[in-house]
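With these hints in hand, go ahead and build the complete structure from the sequences.
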Amino acid sequence: MTIMPFHLAIPVDSLAKAREFYGQLLGCEQGRSTAQWIDWNFFGHQLVTHLVEHMPGRPEHNQVDSHEVPVPHFGVVLEWDTWQQLADQLSAANTAFIIEPYLRFKGQVGEQASMFFFDPAGNALEFKAFKDLNQLFAS
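Under the numbering used here, the first residue of the sequence shown is numbered 1, with each subsequent residue one higher.
Honestly, the hints are just simulated from the structure, not real lab data. No false leads were mixed into what you were given.
As a list, the in silico EDC-like pairs of lysine to aspartate or glutamate whose alpha-carbon atoms are at most 20 Å apart:
hint, residue 1, residue 2
1, Lys17, Asp39
2, Lys106, Asp65
3, Lys128, Glu111
4, Lys17, Glu29
5, Lys128, Asp81
6, Lys128, Asp88
7, Lys106, Glu126
8, Lys17, Glu126
Given below as structure tokens:
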């Protein structure tokens, strides 16, 4: 099976803040845009930030590993070193993490690094990395 990029459209209440967050902080390349939306190269996937007048309410939370995980959320799986560089970059930028960067399943099947934070519009994001990407779907 060929893995293809996904497409995700999310609401934002400011395209200027979206440019600062996705373009400058996360380093995503900006693609096409209008006065109502911006396409981003979100780590090889297409993310579209659509301007809305009113944002939906904040996400609910589920308990996972004694953390309050926001639902819904989205994100990507990065290479281990890329994830660490991003975690360092976000920490240096004083990002308010929902869940600070941490290691799950240390020494077990599916060992992974994870972190959660909100974009300026309140969309919850998770970034992950696996020591062994072959264990992405391991149980």
